[in-house]
Amino acid sequence: MITSFLPLVAAVLFAIGAIGVLIRRNAIVILMCIELMLNAVNLTFASYAYELRSMAGHVFIFFVMTVAAAEAAVGLGIVIAVFRKRQSADVDDVNLMRW
Amino acid sequence: MLVINLIAFVAIFSALMVVFHRSPMVSVVFLIVNLVCIALFFLFLHAQFLFAIQIIVYAGAIMVLFVFVVMLLNLRKEEELLPGWRVQRALAYLGGPLLVGALWTALWRRGRSSEAFPGSFGSGFGTAEDIGQLLFNDYLFQFEAASVLLVVAMIGAVVLARRKES
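Chains as they are written, first to last, in the numbering used here: chain P, 45 to 143; chain H, 6 to 171.
Just so you know, these hints were derived from the structure itself, not from any lab. None of these values were measured; they are calculated from a predicted model. Don't take each hint at face value.
Taking beta-carbon pairs under 8 Å as the criterion, some of the chain P residues facing chain H (in silico) [as the list claims (entries may be wrong)]:
#, residue
1, Phe49
2, Ile63
3, Ile78
4, Asn83
5, Asn86
6, Phe107
7, Ala114
8, Ala116
9, Ile122
10, Ile124
11, Val138
12, Asn139
Derived lysine to any residue pairs resembling SDA-like cross-links, with alpha carbons at most 20 Å apart [said to hold, decoys possible]:
#, chain 1, residue 1, chain 2, residue 2
13, P, Lys129, H, Asn79
14, P, Lys129, H, Arg167
15, P, Lys129, H, Ala133
16, P, Lys129, H, Leu165
17, P, Lys129, H, Arg168
18, P, Lys129, H, Val163
19, P, Lys129, H, Pro102
20, P, Lys129, H, Leu155
21, P, Lys129, H, Val34
In this text, a Cβ means the ideal position worked out from N, Cα and C, and glycines have one as well.
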């Protein structure tokens with residue numbers, strides 16, 4: 045049944061994204077992993093919207109996409125600003141505000 | 006069902022490639038594959054409008070932004086994933102499967118509610134019309150808040166990307 049299978053797939057995708065955020069050092073790839081996690085959540089929302097025959101989940105996906113677009117724009121802006129200063133997109137090089 | 010399994014396999018494989026491939030450009034391409042797979046899932050879930058939005062906004066706009074930045078920055082390949090700090094990597098490889106296990110357990114334990122809702126979709130389920138009705142009636146305030154968020158993000162991106170004259 046599709047509504048019990050897809051949340052499992054979404055759980056796997058979310059975990060892969062979380063692993064990626066932890067093990068990668070490139071800030072752009074970390075942002076991509078965050079997109080991966082947001083998409084996994086979107087998939088869960090969509091499958092529950094299908095199961096419950098309620099369209100509220102679709103509205104939530106709409107808002108998640110809005111937030112993802114805003115986050116990508118600002119995040120990539122920060123990456124470009126850091127790269128201009130340090131010639132690197134490595135998160136380990138950005139340690140000014142780290143304890 | 007076979008098609009769904011196939012798409013799920015492609016989605017998980019491309020997600021793994023996003024995380025584990027050294028070159029950011031290849032990661033971006035596989036992320037686009039992943040987003041298209043999710044869009045196809047939306048199609049299976051009667052969410053036609055979201056399918057279109059996923060392709061246009063995600064695979065189109067957002068990923069073009071990523072491709073553009075990766076091309077612009079001309080990044081080197083990472084020499085090694087997280088060289089010195091081994092605790093974090095061990096935590097990731099341990100915590101990831103644990104997270105999957107926890108989520109799967111939660112999903113299996115929640116019981117089957119799908120039998121309680123026999124298949125009767127409204128005629129407009131998943132169409133732009135019904136989403137529009139919801140957005141502009143029930144979720145009007147949230148919709149306006151989202152528009153404010155987008156304006157703030159736009160201003161923020163412009164301010165961040167501006168080159169200082171000095």
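Outcome of the hint check:
Residue-level restraint check for P/Phe49 holds (minimum Cβ-Cβ distance to chain H is 7 Å; threshold 8 Å). Hint on P/Ile63 holds. Least Cβ distance to chain H is approximately 4 Å, under the 8 Å limit. Taking 8 Å as the C-beta cut-off, the interface hint given for P/Ile78 is violated, the closest approach to chain H being about 11 Å. The criterion of a C-beta within 8 Å of any C-beta in chain H is met by P/Asn83, whose closest approach is roughly 5 Å, and the hint holds.
For P/Asn86, the suggested interface contact is upheld, since its CB lies about 7 Å from the closest CB of chain H, less than 8 Å. With 8 Å as the threshold, the beta carbon of P/Phe107 comes within range of chain H, its nearest partner Cβ sitting at about 6 Å, so the hint holds. Below 8 Å, beta-carbon pairs count as interface contacts, and P/Ala114 has one with chain H at about 3 Å; its hint therefore holds. Checking P/Ala116 against chain H: minimum C-beta separation of about 5 Å stays under 8 Å; hint holds.
With a cut of 8 Å, the hint placing P/Ile122 at the interface with chain H holds, because the nearest CB-to-CB distance is about 6 Å. The beta carbon of P/Ile124 comes within 6 Å of a beta carbon in chain H, closer than 8 Å, and the hint placing it at the interface holds. For P/Val138, the interface hint is violated, the least distance from its beta-carbon to any beta-carbon of chain H being 14 Å, above 8 Å. Checking P/Asn139 against chain H by beta carbon gives a least distance of about 12 Å; that is not within 8 Å, so the hint is violated.
At roughly 15 Å between alpha-carbon atoms, P/Lys129 and H/Asn79 fall within 20 Å of each other, so this suggested pair holds. For the given pair, P/Lys129 sits about 13 Å from H/Arg167 by alpha-carbon distance, which is consistent with the 20 Å threshold. Of the supplied pair hints, the one linking P/Lys129 and H/Ala133 is violated, its CA atoms being roughly 44 Å apart against a limit of 20 Å. A distance of roughly 12 Å separates the Cα atoms of P/Lys129 and H/Leu165; the hinted pair therefore holds under the 20 Å criterion.
Only pairs whose Cα atoms come within 20 Å are accepted, and P/Lys129 paired with H/Arg168 is accepted, the gap being roughly 11 Å. For the suggested pair P/Lys129 and H/Val163, the alpha carbons sit about 17 Å apart, so the restraint of at most 20 Å is met. With a CA separation close to 37 Å, the supplied pair P/Lys129 and H/Pro102 exceeds the 20 Å bound. The hinted pair formed by P/Lys129 and H/Leu155 fails the criterion: a straight-line CA distance of about 26 Å is larger than 20 Å.
Among the hinted pairs, P/Lys129 with H/Val34 is inconsistent with the structure: their alpha-carbon atoms are about 27 Å apart, more than 20 Å.
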